[in-house]
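The lines below spell out each chain.
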Amino acid sequence: MNKKRGIIGKILNFLLTTVINVPVMLLTLFCMFPVVWMLYSSVKSEKEFALSIISFPKTFVIQNYTNAIKIGQMNICLSNSVKASILTVIIVLVLGFITGLIFGRYDFKFKKPLYIMFLSGMLIPVYSLLVPVFIEMKTLNLNDNIYAISLIYGACGLPLAIFLITSYVSAIPKEIEEAAIIDGASFNAIIFKIMMPICIPILGTVLILSFLNAWNEFPFALVLLGKNTKTIPIGLTYFTGMYSVKYTQLLAGLSIATLPVVIIYFVCYKKIIAGMVAGSVKG
Amino acid sequence: MKGGDNLKKDFSKPKSWMLYSYLAPSVLLFVSFSIVPMAMAVYYSFFNWSGGPMKKFVGLNNYLLLIKDNTFWKSCLNNIFIASSCVVFQLGIAFIISALLCSKLLKFKEFHRAIIFFPVVLSAVVVGFLFRMIYSSDNGLLNFFLSNLGLSSFIQPWLDNPKIALIFVTVPIVWQWIGMYVVIYMTSIKSIPDEIYESCAIDGATGFRQAIYITFPMIMDTIKVSVVLAISGSMKIFEHIYVMTGGGPGTSTMVMAQYSYKSSFIMNKMGYGSTIAVGILCVSLSFILISQLLFERGKRRYE
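Chains A and B supply the protein sequences, listed in that same order.
Taking this note's numbering, the leading residue of the first sequence gets 1, the next gets one more, and so forth.
Taking this note's numbering, the leading residue of the second sequence gets 1, the next gets one more, and so forth.
Just to be clear, a hint being listed does not mean it is correct.
Claimed, not checked - Just a sample of chain B residues kept apart from chain A, beta carbon distances all over 12 Å, derived:
hint, residue
1, L65
2, I67
3, F108
4, P119
5, F145
6, D160
7, I167
8, I196
9, R209
10, I214
11, I237
12, V243
Stated by the list, open to error - Quick list of in silico lysine-lysine cross-link-like pairs, DSSO-like style, CA-CA up to 27 Å:
hint, chain 1, residue 1, chain 2, residue 2
13, A, K271, B, K15
14, A, K174, A, K193
15, A, K83, A, K174
16, A, K227, B, K107
17, B, K68, B, K55
18, B, K107, A, K193
19, A, K270, B, K68
20, B, K68, A, K10
Calculated from the structure, these hints are not laboratory results.
Note that the structure is predicted; figures quoted are calculated from it, not measured.
All C-beta atoms, glycine included, are put in the ideal place defined by N, C-alpha and C.
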């Protein structure tokens, strides 16, 4: 009797496990499929792609990539995107760290209004800023300048960075720097020699998030950048506008834009997920 | 005790001018590229201006035009359609997935979480192009699947049919952001104490009923936050539309951000474009406010 029940229980359990696991697995695969399809189709030959758009590649046509780089000027776009993203990361890291640290550690008169001002930045829709920023940059003669656009990306990335760093710093026990203060360490020494090493994990999160945001940013790049300063997302829109472009080349172009994101994501997805969720819920 | 605290504070506290000088660069950067432009947008919205030296003050005229502008209200309605689809499908699907992901029977949890979140970090431009290819009439994946399933009769120009285009541009938007809410919900569900589930298992509630009667009310606050997030997120939709349809055919998939961009930079109406931008800000803030008020009310009724 007991044994029978055990078997039925096991079967039920197995059925339930399948009922839960299989649909979720299918859904996960569906989530991933468009991107995987893009990546493997980007190395198919034109003929293969026309024959069956879903089959795995039998050949490995790297020319799709070289053509995408040549026709779509992806080399220019890549170097521009790298420049803008790295400069943005530096701006956000340095300014975000100092500002977040001060907000998290010290009290001063205008702390609250300043902090609220930065946080409100997460609510302002970028599209309200397009026209005035465009005019601003044009008057300063900084439009069509890949380094200048990093300033804007930096300003847009600051609120999230400051929020993350401030909450991280306020959770660090004060005793840590008190010893150093008694030893007579200067303000600079406390910031850079003591607090910075402790903050490395959150700075890593900020680094990745600001890099991804700058890499993917579209609207500002669209209105501010020209032919020689275009970043990858803008380059893609130029590229698809051309009539001669083949599907496989287009997929190669999309893959060039996506591969860095894929690699960064799967290396440090835990940090990315935690940082983005914290930023969006509190923001 | 108090004296000692004070002493420590004085000892460790740098001079305030020093703090301000360290804050100055970030404040300067942020103010000059966020706060000042926001104020300028409001200022420009009172002018008739094409970006050149001629700027004509027209007072509230732009706003009167905006109120009568059919395209603006059409795009506003489209935004509302996208927002409500996001609230219903994004949040609904995310709730189901996260409830399943938290079940003890599920295997490879970390794998699922990582993959489902992945589209969130993708560039919206890439997602737009990818779905444009999926919907494409000659080599699209969607048509390929339909014809292989023997449903060729359903095949349509997905993005060129003004009646259905809006639905099909909403799909990638919903798809891309599900992972965000799955992770938000999962964090929240994990914080529900196990004892509650155990005691209700004793009472005989399992699986589906647990999800409805325990998980759902317990994470209500998180759900509210997600609704506000989904609404404010869908008010900002731009890249997907720009890449997939450009707002067409006609104005059938036009959204507010796309309309503002088009008026300002394609039609060169910088003043009116700014008016639309201010309009976007007002509309999205009021939707967030309304959704919060509704929740407050619902809560009161519930209590």
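Hint by hint, here is what the structure shows:
no.	hint	in the structure
1	L65	holds, 16 Å
2	I67	holds, 18 Å
3	F108	violated, 8 Å
4	P119	violated, 6 Å
5	F145	violated, 8 Å
6	D160	holds, 16 Å
7	I167	holds, 18 Å
8	I196	holds, 21 Å
9	R209	holds, 15 Å
10	I214	holds, 18 Å
11	I237	violated, 10 Å
12	V243	violated, 7 Å
13	A/K271 / B/K15	violated, 35 Å
14	A/K174 / A/K193	holds, 15 Å
15	A/K83 / A/K174	violated, 38 Å
16	A/K227 / B/K107	violated, 49 Å
17	B/K68 / B/K55	holds, 23 Å
18	B/K107 / A/K193	violated, 44 Å
19	A/K270 / B/K68	violated, 48 Å
20	B/K68 / A/K10	violated, 67 Å
The structure does not agree with the numbered hints 3, 4, 5, 11, 12, 13, 15, 16, 18, 19, 20 stated previously, though it agrees with the rest.
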